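Given next are the chains, with one letter for each unit.
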Amino acid sequence: MAERSFKKEVEKLRLGEGEEFRGEGILAVTKALLQAGVSYVGGYQGSPISHLMDVLADAEDIMNELNIHFETSASEATAAAMLAASVNYPLRGAVTWKSTVGTNVASDALANVASGGVTGGALVIVGEDYGEGSSIMQERSHAFATKSQMWLLDPRPNLTSIVNAVETGFELSEASNTPVMLELRIRACHVYGRFTAKDNKIPDFKLQDAMENPNRDTSRIVLPPANYLHEHEKLKERWPAAINFISERKLNEHLGAESGEIGIIVQGGLYNSLIRALELLGLSDEFGEADLPIYVMNVTYPVIDEEILEFMNGKKAVLLVEEGHPNYIEQELGLILRKAGCETVLNGKDMISDIGEYTSDVIKKGVEKFARANGYFGNSTFETARFTPVEVPARPAGFCTGCPERPMFTAIQLVQEEIGDLHVSADIGCHLFSILPPFNIGNTTMGYGLGWAGASAFNKDARKRTLSIMGDGGFWHNGLTSGVGNAVFNQTDNVLMIVDNNYSAATGGQDLLSSKAEHEKRSTQHAIADAVRGVGVTWVKEVRTYDLVDMHRTLLDAMTTSFKGPKVIVAQGECMLNRQRREKPQFNKNVRAGKRMVRDRFYVDSETCTGDHQCIRMSGCPSLTLKENPNPLKSDPVAYVDNSCVGCGHCGEVAHAAVLCPSFSKVSLIYNPSVWDKFKAGFRRGIISWLQKGAERKRLRRLQKAGLV
Amino acid sequence: MSRNRISIAIAALGGQGGGVLSNWIVELAEANGFMAQYTAIAGVAQRTGATIYAIELYPEEQVQGKEPVLALMPVSGDVDILIASELMEAGRAVNRGIVTPDKTTLITSDHRVFAIGEKEQPGDGRFDADTVREAISEAAKELIIFDMDALVQQSSSVISSVLFGALAGSGALPFSRELFEETIKASGRAVESNLAGFALGFEWAQAGNVDPIENQEPSPEISSSELMSSIEKLPKGAQPIAIYGLHRLVDYQDADYATLYLDRLSQFTGAPDAVVKEVARHLALWMSYEDVIRVADLKTRADRGEKIEVEVKATDGQIWYGHDYFHPRFEEFTDILPAGIGAAMNQSQIWRRIFSPLFSKGRIIRPKTILGYLMLRMVANLRFLRQGSYKFKCEDKRIRSWLELVSKHKGDAALEIAKCPRLIKGYGGTHARSLNRFSRIMAFVEKSQDDGDLAVKIAELRDAALADDKGNALSASFNNLNATGLGTDDGKNSEFEWAGSS
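Taken in sequence, the protein lines are chains U and H.
The C-terminal residue of the first sequence carries number 709 in this note's numbering, and the numbering is unbroken.
The C-terminal residue of the second sequence carries number 1211 in this note's numbering, and the numbering is unbroken.
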């Protein structure tokens, strides 16, 4: 059910020794896992690592051949706990999620696995969604690595480096009995490139071996007294082991010039942006042959003191290019220099902006400032032509054409018209776009599945109830317990609306417990309403979102009923984006095959539209847009439905429910009409056009009489 | 240092196929001796946002064992080709600094996809396209701009194929047209329509920039010399509008009613041109206010079917049915009753309750079925009731009071008052709300002395009334003007007390 089919990509997973792999970064990681001989992979979907999960889900055959267990975990915590398999056994395992949000969820299990340590290589692949276009808070995964002592890899963003990082990551993990985090920035996940493949590896030690011959070691369990010993192990054994491995294997790289008065230290993931910045400043060629020495930290934690001091040695100043806040690495380097009594000037956030994503433009400005301060460039400048910005409209994310979630928010608007504004506690998922225009609904969002928990303080008798929203993804992730169970236990009187899209819509159509479709390898069709009733909610209503009248009535009832206790509305409607991907090609195929098909789409009468755009404010559909008013007397543009309309019917429902205007019309186009269709249409056309001619004659006569024609 | 790469950036909106276009360019380049790398942030674009795709091409013969380091984002001053799928996105790219006059060939469609912030305004929130056109032509080394959406419609293809054609036609990449076309063919998907779109894009890009043809409708004519002489007494600038107005009112009611329009207009012959023009415009529109009779008439006309067929792209002779959404309220019913009865019933809770089951639900009528057509036509034929109806009486009183207010004022103030009926929009609750705002401004005008700044105040109030849906901006403006009693009451259904209120 995923929004993309990966059949083509799956074939790339079979490439053998010496063959060239071409594809996206995250797919290269997937291939690297198979080359490294993993036994199990788990994770929770979310940009930018969804494709890793989707490809593996589509690669059942290969996974069976290689004896790998892959599962879509219930949450990031579930995935992280999966790494427990590597504690007692020499099994390589990898888990993945979107960071930092997923790492937040996983941190309990991560802290435990990092404390006891691992025998088999354990790799945590975090897809960073930081900077422009990010949908989450601006934070760093670095803090998690340091607090639990997991090594953090941040490889250069080319496929070869990324693939090597996966393989050495497992080795590092095994050499130091420590889980390793591999941090991939969003653009690196989506970068298209190539690398030379190796054969896939079937591990010698199998999951079955562990299950049949279990092995127990209490010193690996976080329980006194072992947990106190873990701290000792971490610092006295695992740390030095990691330092040795990283230095011996030269995981950090010395690139650019051999030596120089000044140099640059950079996080591996920012290397490409740095080189482009240097090139534009005339300090490098296109291949990274830079005029300055560069120390590339492909491992950003732990920092290897000796390597740093060696690089600093004899340099006047060094610039650290470290993205994000706090500047953990800069703080650490400062300490290293201070303790060693090294005189080299360390520059960092004082030269480069301390806020936001480090694009080449940002780095270029910083490097220029740094180089200039050290006597470079003379009078030359590197400003590109800048123009006064023109005014262009912002394009906030919004609901797709025909999205079934839109009617939910229209219903909230209608209810607010009647009983006043509501406190709405939002969740994570597509429905969060309600916060933005045109709906402007939602007060806070506290995390995935935490929609109802976010309103739990408002548990008092009041003249208005609060409304919380949760997606099906968030519901199964933890909302059932953190929200619904909590509300039942604490006897709230408030209302929760759960969006049931038939599968997880926002992350790309992955299946869930409540997916409507049958699934060969997973158990689906467990109704959300049943689960809600199961934990003790008695007031549960299921509504089809597109039925705006029912949606509105149910919501108003929930907000105003005399019933005391938690109230849950399950609003159902399949994600239109995925539905169209499935149905549109089928529809076209049927039309071509000569089957009778009907396609609905909407139409607005320009003559009766008064250009008030209330329909747009209440629907927000991308296909409902504006066009020039055809009436020369009017200046304001009229509403207009463009050809992307999928005929969901919401705008018509809005016109009905909000008593908007008589301008909306659903047009049903018939393809390959039957004989009966043709007969009916011909008969109706005959009579109606005869009547129309009569009416038209009368109108003309009127105009003639007035002397206008 | 020498630079051998070609940097391409694509600025696109969700659903416009920026990813498909990127893939085509990569496949084209890889098949013809280039190494390619690209990146984008998928996902967000899909959900209506704007996204940038970055592609870099590098000739394989230059690689020789060393891998070029490719940037993951377009960098300012370093983009050779920028492809924008929509006009404002081209403007945004200029703002980001990734279009520079020494380097960048900018290929953009001239059409608009309106953003939600533009669409949701109660008036006209569209951004100015001309300033963007000017800015991008200044910023780009070379500019290729034409309405690609029109070509998409013409070829039943998608905008990515037209853009791909325009890229080929621009000559900015070292590949022949045939090689581009091979790429589309090799993809194996919708090859025919994609090639059609490609061909149009290619030809338009080669032909150079063509100004879109202004499709100005000729103003209608008048055969009667008597009417013409009345029209000619009006200022020249107002005449075409008055002619439109005449046509509309005869179409709406009859010749006598249109004469009333001209009579009302003739009071203003001495006024400045601009005032007459605005009065002519809004008087015609107001006198032809939308009621169920008018709506039913428009929905049953033969030319409506033709308009729909064009817009929904029905194929020749394709059978289709319209399902028209109506939700008449009790008010729409009393509106067309004779004035006395209508007024009495409108104010009576008993009648309202008796009739409420009839008006509680929306209805769908199919004007292309015989029954549907006859139902609507029957309502349309009630035109004879109109001039005696309750609604007519109310609107007529408002119109007369508004005209009086215009004629009482001079110069700019008169002009601003004349423009105010633009506020009255919509049906049902929307209409009531907009009427409330209009009447508050009229009440303000009635109370105010023109100390020279009245015009500015009215214009401000009018803009505020259109600024948001909730009426907050208008209330704030009234409060700023210390207009007692006007700032707080945005009663949803009440017309504010003024000379024209019913």
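Calculated directly from the structure, the hints in this document are not laboratory data.
One thing to keep in mind: the hints can contain errors.
Once the Cα atoms are required to be at most 27 Å apart in a straight line, the calculated DSS-like pairs of lysine-lysine come out as [what the hints assert, rightly or not]:
no., chain 1, residue 1, chain 2, residue 2
1, U, LYS236, U, LYS339
2, H, LYS1016, U, LYS584
3, H, LYS1106, U, LYS634
4, H, LYS894, U, LYS584
5, U, LYS634, H, LYS942
6, U, LYS316, U, LYS250
7, H, LYS812, U, LYS634
8, U, LYS12, U, LYS206
9, U, LYS698, H, LYS1102
10, H, LYS812, U, LYS365
Here the structure is a predicted model, which means the values were calculated and not measured.
Hint numbers contradicted by this structure: Structure breaks hint 7 only.
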